[in-house]
Structures are given as structure tokens and as C-alpha cells.
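Novice: The primary structure of each chain is shown beneath.
Protein chains: 2
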Amino acid sequence: MLGLMQDRPLLIADLIEHAARHHGDVEIVSRRVEGDIHRTTYRQAAGRARQVAHALDALALPQGERVATLAWNGYRHFELYFGVSGSGRVLHTINPRLLPEQIAWIVNHAADRVLAFDMTFWPIVKGIAAKCPTVKLWVALCDDAHLQRLTAEGTIANLVSYETWIGSHPTRYDWPVFPDDTASSMCYTSGTTGHPKAALYSHKSTILHAYAAALPDVMCLSARDCVLPVVPMFHVNAWGIPYSAAAVGCKLVFPGAQLDGKSVYKLLDTERVTMAAGVPTVWQMLLAHMDANGLKLPALQRTVIGGSACPPAMIQAFRERYGVEVLHAWGMTELSPLGTLCTLKNKHLLLPEEEQMKIRLKQGRAIFGIDMKVVGPDGQELPWDGQSQGELMVRGPWVIRDYYRSDKPSPLVDGWFPTGDVATIDPDGYMQITDRSKDVIKSGGEWISSIDVENIAMAHPAVQMAACIGVKHPKWDERPIVVVVKKPGMDVTREELLAFYEGKLAKWQIPDDVVFVDAIPLGATGKMQKNKLREMLAGYRLPGL
Amino acid sequence: MLGLMQDRPLLIADLIEHAARHHGDVEIVSRRVEGDIHRTTYRQAAGRARQVAHALDALALPQGERVATLAWNGYRHFELYFGVSGSGRVLHTINPRLLPEQIAWIVNHAADRVLAFDMTFWPIVKGIAAKCPTVKLWVALCDDAHLQRLTAEGTIANLVSYETWIGSHPTRYDWPVFPDDTASSMCYTSGTTGHPKAALYSHKSTILHAYAAALPDVMCLSARDCVLPVVPMFHVNAWGIPYSAAAVGCKLVFPGAQLDGKSVYKLLDTERVTMAAGVPTVWQMLLAHMDANGLKLPALQRTVIGGSACPPAMIQAFRERYGVEVLHAWGMTELSPLGTLCTLKNKHLLLPEEEQMKIRLKQGRAIFGIDMKVVGPDGQELPWDGQSQGELMVRGPWVIRDYYRSDKPSPLVDGWFPTGDVATIDPDGYMQITDRSKDVIKSGGEWISSIDVENIAMAHPAVQMAACIGVKHPKWDERPIVVVVKKPGMDVTREELLAFYEGKLAKWQIPDDVVFVDAIPLGATGKMQKNKLREMLAGYRLPGL
Ligand SMILES: Nc1ncnc2c1ncn2[C@@H]1O[C@H](COP(=O)(O)O)[C@@H](O)[C@H]1O
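Which chain is which? The protein sequence lines are A and B, in order. Residue numbers for the first sequence, in the numbering used here: 1 to 545. Residue numbers for the second sequence, in the numbering used here: 1 to 545.
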């Protein structure tokens, strides 16, 4: 027997319409690449999202086609979130920190039809335009005057300014209604070996995640909040904040391109931000700025920190020096991204501070909707004893079942997604990441593939074997170094090898150091044993630290 | 193009499994009709819910069949919530405050196959058992010893104690997986004219409502909370609290049969309850008890008050005398039930207290998922100006599209459900109920059908015409009175007419007063114009007030 409830699909357009109707005058504040602070409202953003939908209709772009962005956090990017997905197209947010070739590869793999970019990324766009034949229209996120200045020294075909592109269209629009398992958005992750792979989210998964992310035990978002997502909108949809924000009607503050401590502080302060979210690196810069200048943030209540393990000192500094609660979060692109969040339980409320701190350091408890388990090498589930380490597996309605256009079989194992993280779970359900089974390095919230780093070193004539490992770094969380065995009778210096990386990887992906060793430990199957290597280098220190 | 996310149905069994896994030791405290305070945990409750599922399987009860309850808020009722729906049967919670004949009518209309009841309701059950041929098993929510005492003076066929019924079954169970639009539970409402009508909820609508109800701008439920639902589990699933509680893992306190101020206070105090929810009448009793005895509730942070308009003095008393935030809520059976909740917005935070109070008095803003509008008599949408009154219409995934086994067409108008409430909506989206267009009266959170009251009066030989209307009452919110035109030359006194109601309606449904008039205003089509009648009686005061 079926229930007799209304069968309304869960669609992303409903989010912006809800915000426009119930929170029409709530502000969206953006630091623009134009240099100024821009103010708009949910009502205006909804009107312009509808203009985006019209503009895509005018291109006769069929539903399901990809519209890409190379953009900072800002109001135009926010409008695209709703205009693109709401009208049935797929929003493809690209990480502009990748190398142009990597970006071009992704654009081609996704077969993007439109690409909207912040002026900052004009050099990238100019460089890749010719290599991206699927893109029929390039949209510069600015007005005509700015676009003219941008193209003064040369332009590309099929280029238009965003303001002109949407400007002539009506601000009213009838959003299409379609099944809510329709694709809404996609995000490539380099967090795996090989080429980047894309998660393809649906309207339903996005809306469910939007509810979940706003819960009191997750980001606790309400209409009383003013939220600043430092986490980029090109990085798993800024942890879903744009969607949850529209659902609850909080004020939004977008930091644009300036993520240094001073700029972020200024916005937090002047806009009276109550909640901010980002990777540890950004908060390190903010803390340093506040410490150096004796600043405070009376309005700020909490920060959600995730994407890399949050250092204990950071949690303590925020709590003790600034009265800001730090919520430690774990998630990944394949999870939309939120999986666990660390908040206390009722029974913890009377624990002494240091006992509470031990809990806060963990990655947290699974949000309802996410099932998790840790499994041993044999695939058997391990006990929740806080001791047994195993690979973390997850499942749920906002977890992927496959990658987009992948030629490999689905990554799922019996319906569970293997995260590649090694973790323990304690009897209260608090998960703690203890290691990473995949050998990628995370620096400043971004992935660096150890395999890429190794492959380049191996391409040098004097290198016999190379292993890339991550070394803890106080600011970037981890930095890659490359451990090298030279070919007999051949020579290469540290400086020569580092120079060899230039132009082959983005600057921040180039290892910080080269360590020459006589041999790299190998396992039975000939695989490099990085755990042993890490042990060998236990006393190693990064240059300059 | 479809998204590539996992296609996991949203099922109620997942709620209790999540609670058992992540909050296994969290307490569920119940005041039992046995007289004691009982303590269990989510882990144990999950085990017993699984035993319920086995017990239903052992009856070979097909999926979709109805299992009814006549029960207070308590742990066994909680177990049935999950065991019945989780295993694919439909939980039918019946309001025990109805007359036995009304209950029998409902049981037959729903064709309930099992009926579980608290010992309190044994007299009702004994009275209706013979009239309920669909019921194959009667389950007394107690153990065998208590059942023996209960049946000492006569019993009924097919009667078993709950503890014996579930006791022999294993506590492990593989919950079935089915589409999430499957019916999960049902609730009859008398909030309409004619026979009671049932909303038939689905697993999906219930889970979406569970997420929504826990949001910071709704009940704000977290694992740090200890929640006492005074609102009955037979009244729209205690506003969904059992489901949301399991999703977030808060401690639960069930008050059982004793809802007087003293008993509720005692539980709130000893269990350190942080959040409680109920209709205004219950809070009136609590406030009176605390005022009279100079008591405080340091742990209690907030109460959700709804089901009837919350008097301003109550909001003030809770805030000012007890430091408790009152959240005014509006909802209805047909909405699972939550529709709007009154919390402030960011821009209101710096308003003076009296300006904030003006907002708090309203019924609140629509939760994301609920669309609302007010329409004029012509069905046209009215502006959100805080002035224009019209019928409130709603839609969304936890709103009904039809009643169960109704012989009438769907109540929806262009996809919108007409609530029968008259309201305004202000520019910030705050809805305020100003009147009720449906001819039913709400007293202490329970419905009284004006038609029933009128029909009985009309059956009296001296009555020519009778109109029943609700009059505001400080404790019960509304009380019915009956306005009567006598037949020419005939006489009947107030006392005679009131005596005439005895045995024909439950005591609390009998009108408080009879007002004799010369004529009742009639409209063009001969219908009684109750609005005019209310105007005529503007100066009227209930006896004893
Ligand atoms: N906060 C409230 N203020 C005024 N009336 C309310 C409120 N909450 C519920 N109601 C009334 O109760 C009805 C729903 O009753 P029920 O279906 O029994 O939950 C609504 O349609 C309203 O008439």
C-alpha cells in the first residue's frame, strides 16, 4: 500500500524560490574581483538565477548538458548554482588551482558546453579555449566594460560578459519540474590515483544533503546566522552551504579571491559573521593575523573545519582565545561532501574540558542518512571499540554509486563506498581518521597525487625510483616531498630535480624537498612500502621549518 | 541525465537502527501506567522493535496491514512506531479521548488487524471488541501479571500481553527494503466536518519531516538535548518527535498518562529536560503549578507550543519568569504535522524586546519543503502584506494529497491543500492565523465537531435551529457553545438541553453553555453564517469566567 502524500520532487529551484519568498531582503555580500564589496539579496539573486535559466534556454541547451564554472565564491557563482541546475542543466564547478592542461582535460571529459569564469582566470581560459571544442560559449563573470579591459590585448571566440548574457532576459521564469534523481551538478576529484573522476550529484541528493547539513549537530544553520564559506564553491559546492543557506535564509558573505587572514578577518568583522567554514590552512592564516594584531571576533560563534585533520592547537586557540566553537568535520567529494561532524552528546555536557577536547579532536559522528563501518583487510566489519583500524566504508542517499563516464566498474563493494581513509570508530559512534590508505597528499585543502609527483621524477634520466610522501606542515597540513634513488653512476642535485618539475605541475603541487636514499623499501609484490618509508624518515624536517 | 548517487530509499527502520548504532546507550525514560518510572535505551528499544517485527511476521500479517494503538507516550508505544512501520505494516495511532463508538468506527474504517492498548484503555477495548471484527489480536501493553489482574473480572478473545507477544522473538531482524512511498502510518483527524478522515503517511514523507523538524529554525533537536513530548503520540505522531529524536539521538522522556502540572514538572526537573513540546493547555497547567510553588526549571531551554494559538501571556511568562524560549508552531494532521515555526531572523536580533514579541506571537515561517499562500474567496493569491486575510493553502512532500478510503474527491485545489485556517502572511513570510473557516472547535488540543453538537440539539423536540461555535477560553483555548432558536410555542431550559447531551458525546465535547436567540443569521443559500453569529455574540462571556 502506498502512502497518500503529495509526490513533489525535491528540486534545487525550490531552494532559491523559498529563499526569495521568505527571505527576499536577506543580504548576500561578496568581495568581488572588481575590487569592491557588492551587496545583493536573495530576491535579486533569484531573479538573476531565472535570467541565467532563460539565457541557457536561449542557447537551446538541452537538459543534462554541462555548464562549467571557474570561479571564486561570489554572488554570480551563487546565481549560476540555481540558474543552471534549476533549469535542468548540470553545474560543473572546476577547481581553478589545477594546471591548465588538467582543466582542459576535465572540460573535455565533462564535454562542457558553456564555461563561466571569473576575470582572475582569463589567462587560463585564453590558454585552453582552443583545446576545448565542446565549449560553445565562454562567459566572463563581469560586465561589458570590464570585459573590454580584459580583452584589450587579445580575445577568444564566443566570449560574452555575464551581465550582457543574462541582462536582457526576464526575471520571471517557470522552472521545469522533473524527477528528482535527475543530475544537478558535478565535481571532479583528484583524490584518487589516475585521472580526476567526477561525482555526479542529483537534485534529490543535494536537497537531502541541504537538510542534513543545516541540522543542529551538523552546521546548525538558521535564519539568525550570517555565514561565510571560505571553503570554495568549486570544492564540493562549498560543502553544500549555498543550498543549505537558501533553505534556511541565513545571510551569506562570499570572500572572493582574497583568502589571506587580513581580508577574511575584515569580512568576518564588518559583516558580523556568526559561522564560517573552511580547511585548516585558512584558519591558520586567520589565527596568525588575529594573534599578531590583538583582534577579536565577538559575533563569530563557530567554525566548521574539515577537508584535512584539524590540529588540536587550532581547536584550542579558537575556543580559548576567541570563544569560537570549532566543529571538526569529515567528508569527501563522493559524499556531497558531509559524512561526519563532531559535536558532543548530552552525556558529555558535564565532562571536564580536557575530556571534551579529546572528543572534539575526532572527525565525529555520522549524520543520519550516512551509514558507516570500518572493515579489515578481509572486508569483515571491525568492532566500534575506538581501537580497531580499518578502511572506512560509507553508504547513503548522498553518496555516489559510480563516477561519471568512468570506464571502470562501480567503486562500491556490496553497496558500500570505500573511502580510502583508515579510521577507528568508538562505542559512541565517533569516527577518527588515523591514516590514509590512498597515497595522495593534501595540501591547503587540495589534493596532490603522489603518483603524478613520482611519475615526473621517474621521467628524469638520473632517477631510478621515486616515492612521494606527505610530510606534516603547520600551515598547509601536508606538503609533498619526493624520495629518490639515483641510477647507478648518474647524478642529479636537489635543485635540478625541483627545477625539472616546473611547468609540469602547478607550483603548489611541486614537492618541497628531495631526499636521496640508497633504496626504497619494497613489498612482496614490488610495491613501494610507504609506511616503512615514513618510518625511515621519522626524524626528517621540511626545509625552512 | 540521471545523477549517479546511491538510490537508498528513506525508510523508518533506518531511524531506529541509526539510533541504536550511534546512540545505543542514550536513555528513554517513561512514566508508566504501572505507576513507576521505567528506563531503557535506544539499543534496547531497537531490539524490542525488531521483536515486534518478528511478532507481526509470526501472525503472517501482510505488508500494508494496519496495526493500531490506543496508548500514551511511552517506550512500548515508541517500539511499536518502529517495529510496525519498519516491517512494512502501517501504524495507526488512535486518539483514546474519542467516544468508544467513534473509536470503533475508526477501527472498522481502517480495518485494523492488531490493536495494542495501554491498560488505562481496557474499558474502551472491552466495550468495542465485539464491534471490531477486523481485529484478530488485542495486545495489552503490559506483562502477563498485569494482564491477569486486568482481566480478573472478565476478558475478551484473542488477548495477549505485549511482553509475552514479543518476548520469545529474537532481537535481531533484517528489516525489509521497499520503495519509500510505501505507507508507514496513519492518523485520523476530526478537524473536518463529517466522519473522521485519515492522513496516510509514507516512509519518505516521515523521514523528510524528521529532518525538517530537527532543523535549528524548527525544533532544533541535537544529541545534546533531552526532549519531553507532552503532545501525544496518538496526535500526529507527537509532532514527529519520536522520528526526529531517533535521527539525532537525543534523550527522550515520555510522560505517560499524567499530564497535570505537578507530574510534568517533576519529569522536566528530575530528567533535566532541555526541550518540551505540547498544546497551550498543558503549559497553562505547568505554569500554574510552578507559579504556585515558586519552582524553576534551570535545564529547560525551550518549549514548542502549537496545535492552538499560543496566548501572548504564556510566551511572556515562559521567557521572563523562567528564561524559557517559546517557539510558536502551526501544523495539522494533514501536514505530518509541522508547517510553520516562529523563530526570529538575523535582522531581528537587535530589535527591542517588545518588537521581537510581536513577531513571536505569530505562527511563524514556512519550513523549507512547505509552500504556502493565502487566497481570497475567488481563489486568487493575496499579497504578503500582513493585512490581507485569506484561506491558508499549503503543499509539499509531507502534505497529504488525499484522505484514506475517502469517497470524496481529493481535497487539493490545483495541487494545494486548503487548510481551513484563515491567515495573513507578512512581507517577511510570517504567517498568522486570524480565524478558522472550518466549523470545528479545538479544545485542549482536541477537536469537537460543531455538526455533532448541532445535530444532537436539533434532535431535541423543542429546538428549531442550532449553531455550535467556539468561544475563546484561557485554559482550553476554545470551548463550544450552542446557539439555539426554539420552536414556536415550545420551551426548553439551558439545563435541560445540556442534560440532553449526556451519553451522546464525550464529556469534554459537550457545550459549556446554551444561548437562546430569536434567529440565526442565514446566507443566500440558507447556510448558517457563523461569522455573523460570532459578531452578534462579541460581548458574550462563558459561564464561570
Ligand atoms: N499555533 C496555532 N495557532 C492557531 N491554530 C492552530 C495552531 N496550530 C494548530 N492550529 C489549529 O489546529 C489545526 C490542526 O489540528 P490537528 O490536525 O488536530 O493537528 C489547524 O488547522 C489549526 O486550525
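Treat the hints with care, as some may be off.
Same chains, same names: a pair is fine if it fits in one copy or spans any two.
Unchecked claim - DSS-like, lysine-lysine: derived pairs with alpha carbons at most 30 Å apart:
(1) Lys347 with Lys266
(2) Lys475 with Lys504
(3) Lys136 with Lys487
(4) Lys136 with Lys126
(5) Lys126 with Lys266
(6) Lys530 with Lys408
(7) Lys262 with Lys347
(8) Lys262 with Lys487
(9) Lys296 with Lys266
(10) Lys136 with Lys532
(11) Lys347 with Lys486
Please keep in mind that the hints were generated in silico from the structure rather than gathered at the bench.
Novice: None of the hints should be skipped; say for each whether it holds.
Specialist: Hint check:
no.: 1; hint: Lys347 with Lys266; result: between (38 Å within a copy, 20 Å between copies)
no.: 2; hint: Lys475 with Lys504; result: within (24 Å within a copy, 77 Å between copies)
no.: 3; hint: Lys136 with Lys487; result: neither (48 Å within a copy, 83 Å between copies)
no.: 4; hint: Lys136 with Lys126; result: within (14 Å within a copy, 76 Å between copies)
no.: 5; hint: Lys126 with Lys266; result: neither (33 Å within a copy, 72 Å between copies)
no.: 6; hint: Lys530 with Lys408; result: within (24 Å within a copy, 70 Å between copies)
no.: 7; hint: Lys262 with Lys347; result: between (39 Å within a copy, 26 Å between copies)
no.: 8; hint: Lys262 with Lys487; result: neither (47 Å within a copy, 85 Å between copies)
no.: 9; hint: Lys296 with Lys266; result: within (11 Å within a copy, 43 Å between copies)
no.: 10; hint: Lys136 with Lys532; result: neither (50 Å within a copy, 66 Å between copies)
no.: 11; hint: Lys347 with Lys486; result: neither (57 Å within a copy, 65 Å between copies)
The structure is inconsistent with the numbered hints 3, 5, 8, 10, 11, although it conforms to all the rest.
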